[in-house]
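*Asks:* Going down the list, the sequences are from chains A and B. What the first sequence shows, in our numbering, is residues 478 to 1116, in sequence order. What the second sequence shows, in our numbering, is residues 62 to 311, in sequence order.
Hints listed in this document are in silico derivations from the structure and should not be mistaken for laboratory results. This one's a predicted model, so the numbers in the text were calculated from it and none came from an experiment. Wrong hints could be hidden among the right ones.
[Claimed, not checked] Think about it this way: if two alpha-carbon atoms lie no more than 20 Å apart in a straight line, the pair counts; the simulated SDA-like pairs of lysine to any residue are:
#, chain 1, residue 1, chain 2, residue 2
1, A, K1002, A, K943
2, B, K293, B, L310
3, A, K1100, A, G619
4, B, K141, B, K110
5, A, K1024, A, E1066
6, A, K1080, A, C1108
7, A, K974, B, K110
8, A, K974, B, D114
9, B, K213, A, G619
10, A, K1024, B, Q107
11, A, K1024, B, L108
12, A, K512, A, G535
13, A, K493, B, Q107
14, A, K732, A, K512
15, A, K986, B, E273
16, B, K272, A, C658
17, B, K213, A, G618
18, B, K145, A, R850
19, B, K141, A, D858
20, A, K1024, B, G112
21, A, K677, A, K943
22, A, K974, B, E106
23, A, K967, B, K110
24, A, K692, A, A961
25, B, K110, A, S757
So you can see what is in the structure, the chains are spelled out below.
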Amino acid sequence: MSITLDAKIPSGPIEKKWDKHRFDLKLVNPANRRKYDVIVVGTGLAGASAAASLGELGYNVLSFCIQDSPRRAHSIAAQGGINAAKNYPNDSDSVWRLFYDTLKGGDYRAREANVYRLAQVSNAIIDHCTAQGVPFGREYGGLLANRSFGGAQVSRTFYCRGQTGQQLLLGAYGSLMRQACSGRVKVFARREMVELVVVKGRARGIVCRNLVTGKLESYAAHAVCLATGGYGNAFFLSTNANSCNASAIWRAYKKGALFANPCFTQIHPTCIPVSGTYQSKLTLMSESLRNDGRVWVPKKAGDKRSPDQIPEEERDYYLERRYPAFGNLVPRDVASRASKAVCDAGQGVGPTGLSVYLDFRDAIARDGLDSIRAKYGNLIDMYHHITDEDPHKLPMRIFPAVHYTMGGLWVDYNLMTTIPGLFCLGEANFSDHGANRLGASALMQGLADGYFVIPATLSGYLASEKQEALKADAPEFKEAEAQADARIRKLLSAEGKRTAVELHRELGKLMWEDCGMWRNESGLKRALERIPELREEFHKNVRVPGKNEEFNQSLERSGRVADYLECAELIVRDALERRESCGGHFREESRTPDGEALRDDEKFCHVAAWEYAGEGKAPELHKEPLAFEHCKPSQRSYK
Amino acid sequence: MSGMKLTLKIWRQKGPGAPGELRSYGVQDISPDMSFLEMLDVLNEQLIKLGEDPVAFDHDCREGICGMCSLVIDGRAHGKDSGKTSCDMRMRGYQDGDTIAIEPFRAKGFPVVKDLVVDRSAFDRIMQAGGYVSVNAGSAPEAHSLPVPYEKAEAAMDHAACIGCGACVAACPNASAMLFVSAKVSQLALLPQGGPERARRALSMLEQHDKEGFGNCTNEGECEKVCPKSVKISSIARLNREFLRASVLY
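Just chain B, same shape as in the assembly (with noise of 0.2 Å):
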């Protein structure tokens, strides 16, 4: 093992509405191969073995699919690698000595549960108000009956790549979670099975972002900048778009 040493400021904070305060730890034995949280794993059991409180990170699937990894790495939601979540970040891009700072993605949207987690179930509420056409189990007709253009099915699987894991949210200087938005109103209005509901979705979503204290879109496009599933600030574009469309008709 080539084994680097490793500083890492760390978000500490004990629940929601406490204080919290970046806090120094070391880390040695770091093998570039491990994977940022194998990394964070490293320092939780030397911890647990000092009798220290261990960090608390949300993580999972540790594929980069499930989005419940939600760290700022160095500033940036998710670290530096584009096109990647935090679980995915490997420690080759690091180098012996190297300081670290890890914090929660911050925003009103998402309060600090423990140290590293936040709560995103504002998110949750977002695809209650539209996310999904309505159809029960049973009712559908047979697949064939309703062909869909290849680059229209294409163009859905790109905004339909979307995680939920808010690092939109984290990076945007408003706060803004448009992009989450925007990626699961448009795959739906790509598609003609999200037709018959298309506008009332783009409305009552966009309506419950705004009641979840989500900011507004200013074409920043740092969101696009830290998507881990690389759904494009367009997409935005497209909600407008929707917004508008829907507006006309209701």
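So here's chain A without its partners, still in its complex pose (with noise of 0.2 Å):
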């Protein structure tokens, strides 16, 4: 297939495009779109609001989740906070402002169109949740508060205490069920999407395991749209939560659909350290922390003081020396990496080494207690209750972790993959953070595809394209439910003695080594050996009891393994070719005289595009040449 990557970006001045493609693009009239059958696969941010807008519209929308609730995505699970450009604390923030600092915070590896879009509609998102009644944090007067999030010198994050996701997902998932009440929105809970089906090179529907009975079902539409999440969990110890997986955009690239820039993947500096081999999940800490705690690490290798014993001389508080303009509120890539830096120089703390302090002693002495309680209570509880440490008396102690994938399936300026009439939302989607998400702004894109760009853009396709009717008994999508149905009996009838569980952490421990924070051309080779033989290990000796007729939840898991030992090795192989460091992909041959991400704008300023080439081939590399009118790229410096 030979493919050239039209990202149909509207012309004009960078303002007016999304105002002009709005008024281009055709509409469905709306006595025609309950005519309409639109697939919304997962039901986070992304997803929820996009499934309600479209009910909104008048769109006949199924709506897919894989928990027992679509309240429960793991958007819930966000805790800082959502961007704005609303400029409410009057310090010189705009679109522009929010544009700009979202380009630069991604290395310069996003489309400057995508991204204004972001910055241009993030202030109708605070208007409409806010209308939602999700409850945000308020001013004595009564209006809404602002914090300041990494990698931003302007306040412009909207809160509501520590759980932002969950009050804006609830939001969502309020509109949701206001749908699902009207009829317009027919709700599927329990679901796993298992194949997507493809009619005559269009997206028309998919092919889902009913995860309480093992059925497989299938469902036509005109459109479907993936808002399946990142697929952070390759790595096995993630911030991610455990239903979390790649497998609905692996089943899409499988079907030709372009996964974009897979090595973006994005490590995040503030999480509780792993205490032990049985551990299933990494729990985040919100980077807000950063506002007043402090990072440092002591100056001395090896010094197993407790930190209180430490003097302030003898500390070395790494992110103020080394990056004293934005201090504690770096970037994530680079506190991260930072904080790698000291913990391999032997500076590192706790029973590992493999932790830093974050320390709230000097904002509490300045602020009090009950301020710092009010603003950050709630996780310093839970940080408290996970590690049985008090950080009103010790510092906490944080480590980096896997948080989100910035890569996924390459979507057009119209969201759409390069399978037409599939649409990729959300963090599914690789469009809008380039290299390095900044905080708070995964709501914020999430959000902005769902409420406001899918749709307008989901009509200029069912209005231009002319569909037949179509049945879900089509042969297509018997052909799809085979497929799918004999992934599922190779699994049961391997009959091995090692658990899906046992052979993913082995895949997380190679991928975090050797495709994790530092990367580098020997240890990516070896993981793209390491990863086919232990694809090879799970497929013969991997052990799934039960049978597929039943609520099987280790079959649902050993699917979802087998498809991060595929993904896997395209993050490696992208890694691999990307032989520069931009944001969250740092390679040890790139690297500036004083050891910081370097660039190569010359040979790498695209995005990396691959199309599955069939089983045992390799993956061809498509490239989208990326230019910049407005924001020359620049070194990234928080110095």
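Please dock the two separately framed chains into a single complex, following the hints provided.
*Replies:* Written as structure tokens, this is what we have:
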């Protein structure tokens, strides 16, 4: 297949592109909308907001979620906040500045037009969520409060205590329930998408596994939207929820959707350190803690004294030292690498030496305990509960962990993938965060895609492409069901000796070591050899109990692990191909003299989009060049 | 690893309507730093290797916010740590040799799906009856057009914190879901944005609550003891006032 990547960026000045495009897009007459079936997979911020808004417009929406209720999608765990360019604090914020910060924060590996649109619609998101009854934090005057967040020098982050994702998701869920009540959205819970159905080159439906009965169910539609989140669980340990997975986008990839920038994975600097091999997930502590907490390690390597016994002059506040302008508020990738560097130098603390201190002592002395507790009380208590250490007395210990994936399915300006009729929203697509996402921007992007972008662009697709009627018993659906069934039978028939979780853990360790925070050619090449071996071991030696026709969580897990074992290889391949450092992707071979990430704009100022070439064949790389007209790439400096 | 040995008595049930029973299992090498669900992971890994059916239990975020986990541990919904979900429980509170009983959330409105997994779709249907503000994307006024007093916003947030886990139902002798309903009704009654639909919301959510087979509140107070997000029973008092107010209006 020869593919030309056309991002379909509208012409005209960047400020007017989105308005012009919305005018140019064809519309579906309100009376005709109910004749269109639209599938939305996933009910996180992007999926729930998309399904609700499309229902509001009058489309006939089918919404699918993997949990028992749409309200439980992993967006719910986002703590810190959501960005918008309201400039309420009068600190010179603007759409332009949010655009600039996001593009720079992404290390100039995102599309200008997409990022500008994101900044442009950010304010409407805050208006809408407020109208939904999202209880944002407020000032005593009754107006909305803002906090600052990593990677920005203005306060533009709106929040609901430490539960912003929860409140925004419940807002979107409420709107979705309203549409479910009206009958315009039908919600299918406990369903996992196991195949994408492509008919005559267009996405026309999906096959799901009913997680309660095990039955494979087919659903037909005029368009399919995937809002299935990121693939961070390929690393086994991450801050993602257990059911977050790569399978939906992986199925789409194998049916012809290009996968863009898979190596752009984000390591979050402030997570609770790993404490044992049984650990099933890592818990994030909101990066808002870095507003008042100071990050440090002992100056002397191997210093085993209790932190309160280490005098001020023997502490290395390494972020403040290395980055005086941004200090503890440098972006996530920079903070994470700096932590790794001090731990590698033997200055790490805690039983494993793989953690650094995040200290509230000075903030408590300055603002008082009450004020600090008002801001971070729930996070402090959460830490205390998990670690049995009291952050009021001793500093927290933190370490970086996989948190978010900037890469995902390649989409054009309309959020459509390379398969016509297949759209991809939220974390599952690649489009807005470049090589590194700024804090409080994931919620913004998910909701921008769902509330404001897809309602406009989907009508453009539906109105311009006449499609014949299709039922879910068409041969293409039967064929897709058979493919899914064959994969399930293969897993169940292996009858080996190892569990899917064990093999997943092994994959995660390999990925963290060779394709984690620091990457180099020899490590990546090693990973490229080891992953296919592990995949073979998995299919030969996995043991999946029970049968398909029942509630079988082990079968669910093993299907996802099988896909991680393929997806991981693409992550590594992309990381090997991109011989530059940018954002969360750090290649040891590409550094500035003082050790910072060094981009290579001449060779790598592009989106790397991978095309599946078939079983056992190397995927084909396509490049979408990135042009920067408004925001000239510069060496990112937070010094 | 200090390695505790524990005996688990776990409710096993093949499916809805199938007979169930408590079955005993042994686990060892349990570290005090483990979460309760990680301890169950250890058991399941062990069962898979023995060729037995692993224990089905709902879980997802494992950090106390998604509301998926739903265990009754030694007779108490979400276990003995107040203000915590099952996934947030740590093994620190147990000692070598302890026996722990683990059962599903039990209520007429929550039929068992398998083992420790129950069907809580009734909660979605209650929310469909009115747990929202009817506003379409694109139609909202500027966020600052409607100031909300700080105290009201904070109180609304206290109620909005509900994660919809259903522990309140599991703990209530009447299997009432009034705490769940009251949390949403109160959140939106406290905010001006919820004003226009305030009366209708209270009436229709309660009507659906009753239809789903949940019982009435008789002020037992068990719900607030187990609520992982510390939603207070005073929320139900507010719901009752909202109901009265609405009944007068309609």
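*Asks:* Confirm or reject each hint.
*Replies:* Going through the hints against the structure:
1. The straight-line distance between the Cα atoms of K1002/A and K943/A is roughly 47 Å, outside the 20 Å bound, and the hint therefore fails.
2. The suggested pairing of K293/B with L310/B is violated, with an alpha-carbon distance near 26 Å, which exceeds 20 Å.
3. Restraint check for K1100/A and G619/A: the C-alpha separation of about 49 Å exceeds 20 Å, so the hint is violated.
4. For the proposed pair K141/B and K110/B, the alpha carbon gap of about 31 Å is over 20 Å, so the pair is violated.
5. Taking the CA atoms of K1024/A and E1066/A, the gap is about 48 Å. The hint is violated against a cut of 20 Å.
6. Of the pairs offered as hints, the one joining K1080/A and C1108/A holds, with about 19 Å between alpha carbons and a cut-off of 20 Å not exceeded.
7. With a C-alpha separation of about 7 Å, the suggested pair K974/A and K110/B falls inside the 20 Å cut-off, and the hint holds.
8. Among the hinted pairs, K974/A with D114/B is consistent with the structure: their alpha-carbon atoms are about 15 Å apart, no more than 20 Å.
9. At roughly 9 Å between alpha-carbon atoms, K213/B and G619/A fall within 20 Å of each other, so this suggested pair holds.
10. For the proposed pair K1024/A and Q107/B, the alpha carbon gap of about 18 Å is at most 20 Å, so the pair holds.
11. Restraint check: the Cα-Cα separation between K1024/A and L108/B comes to about 15 Å, which is no more than 20 Å; the hinted pair holds.
12. Straight-line distance between C-alpha atoms of K512/A and G535/A comes to about 9 Å, which keeps the hinted pair within the 20 Å bound.
13. Only pairs whose Cα atoms come within 20 Å are accepted, and K493/A paired with Q107/B is rejected, the gap being roughly 60 Å.
14. Annotation: proposed proximity of K732/A to K512/A is violated, straight-line Cα distance about 26 Å (limit 20 Å).
15. Between K986/A and E273/B the CA atoms are separated by roughly 46 Å; this puts the pair beyond 20 Å, and the hint is violated.
16. A C-alpha spacing of about 15 Å is found between K272/B and C658/A, which places the hinted pair at or below 20 Å, so the restraint holds.
17. Distance hint between K213/B and G618/A is fulfilled; the C-alpha atoms sit about 12 Å from each other, no more than 20 Å.
18. Proximity of K145/B to R850/A is assessed by CA-CA distance (about 19 Å); at most 20 Å being required, the pair is judged to hold.
19. The suggested pairing of K141/B with D858/A holds, with an alpha-carbon distance near 17 Å, which does not exceed 20 Å.
20. This hinted pair checks out: K1024/A and G112/B have alpha carbons roughly 12 Å apart, not beyond 20 Å.
21. Among the hinted pairs, K677/A with K943/A is consistent with the structure: their alpha-carbon atoms are about 13 Å apart, no more than 20 Å.
22. Among the hinted pairs, K974/A with E106/B is consistent with the structure: their alpha-carbon atoms are about 11 Å apart, no more than 20 Å.
23. Distance restraint check for K967/A and K110/B: the Cα-Cα separation of roughly 18 Å lies within the 20 Å cut-off, and the hinted pair is therefore satisfied.
24. Of the supplied pair hints, the one linking K692/A and A961/A holds, its CA atoms being roughly 11 Å apart against a limit of 20 Å.
25. Using a Cα cut-off of 20 Å, the hinted pair K110/B and S757/A holds, with the two alpha carbons roughly 19 Å apart.
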